[in-house]
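J.: Sequence:
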Amino acid sequence: MSTTETSAVSPSSDSSSPVPPKAKDQAKKLTVKQEREARRAEKVAAMLAQQKRQQRNRRFGWIGGGAAGALVVGLIITFVVTSAEPKVDPASISIGELQTYPDLTANHVSGTVDYAMTPPAGGDHAAVWLNCGVYSEPVPNENAVHALEHGAVWVTYDPAVVDEAGVQTLRDQLPDTYVVLSPFEGLASPVVASAWGNQVFLDGGDDTRLADFVTKFWRSNDAPEPGAACTGGVDGAGKVA
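Residue 0 is where the sequence shown starts when you use numbering that gives the first Met the number 0, and the numbers rise one by one after that.
Honestly, I wouldn't trust all of these hints.
Unchecked claim - Each computed EDC-like pair below joins lysine to aspartate or glutamate, with the alpha-carbon atoms no more than 20 Å apart:
(1) K51 x E41
(2) K238 x D171
(3) K86 x D221
(4) K238 x E184
(5) K86 x D211
(6) K238 x D157
(7) K238 x E136
(8) K238 x D162
Hints are computed from structural coordinates only; laboratory data are not their basis.
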C-alpha cells in the first residue's frame, strides 16, 4: 500500500515542478540581449536622424549664404554702375581768359628771379622746391615755381581783398596734395591760379573757373617733371597745413 502511494505521488510531483533553472537563464539572457539590441537600434536611429538634420541645416546654410553673396555682389555692381562717372579729358576743358606761357626755361639758379608774370607761372627757379601746403604768409617765388615744375597748382590770393572765410572757401575746393595756397600782395585780381605755363585770374574763391583749372592742370603731364615730389623740399614761413 505504501509502495503504491509512493509511486502514485512521484509522477504528480514531477508534473507540477517549476521551469528548469537552465531554461530560465536562457530566457533571461535572451531578454537582456533583446533589450541591448533595442537600445542599440534606438541609438543608431537617433544618430541617423541627427545626421539628416545636420545635412539639411548645411543645405539651407549653403542656399542662404549663396543668396546673401549674390545680393552683396549685386549691390556692389549696382553701386559701381550708378556711381561711376566717365573721366573728363583735361584737353577738353575750356577755361575763359586762360593765360598761357609757352617755351619757359627751367634752369636751377641761385638768388632771385625777375619773372615776366605776377605771380610767376614757370621759368628758372631755385634748386629746392617748396613743400606743397597752405601758408599764411607769402612764399618765395623761386621755390614755388619749382613746385609747379613737379605738377603742383599754386593758388594765390590778395590778403587785402580775401578774408579768412574766403581763404577757407579756397581750401575747400583744393586737393590735399600738389597744391600751394598762399597770400600774394598786389595781385591784379582777388585770386590767381597758376600751373606750369598756365594761369587764370579769378574774381574770388567762388569763381567756377578754379575747379576747371585744377581739373585741367593739377599734376598735369605737361609739367616738366610731372609726379616728382611735392614734399621733402623746403617749407616757407607760416605753413599751417
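J.: Taking the hints in turn, state whether each one holds.
T.: Here is how each hint holds up against the structure:
The hinted pair formed by K51 and E41 meets the criterion: a straight-line CA distance of about 15 Å does not exceed 20 Å. Between the alpha carbons of K238 and D171 the distance comes to roughly 17 Å, so the proposed pair stays at or under 20 Å and holds. With a CA separation close to 18 Å, the supplied pair K86 and D221 stays within the 20 Å bound. A C-alpha spacing of about 17 Å is found between K238 and E184, which places the hinted pair at or below 20 Å, so the restraint holds.
For a cut-off of 20 Å, the pair hint linking K86 to D211 stands: about 13 Å separates their Cα positions. The suggested pairing of K238 with D157 holds, with an alpha-carbon distance near 17 Å, which does not exceed 20 Å. Distance check on the hinted pair: K238 and E136 sit about 8 Å apart at the alpha-carbon level, within 20 Å; holds. Restraint check for K238 and D162: the C-alpha separation of about 17 Å stays at or below 20 Å, so the hint holds.
The structure shown violates none of the earlier numbered hints.
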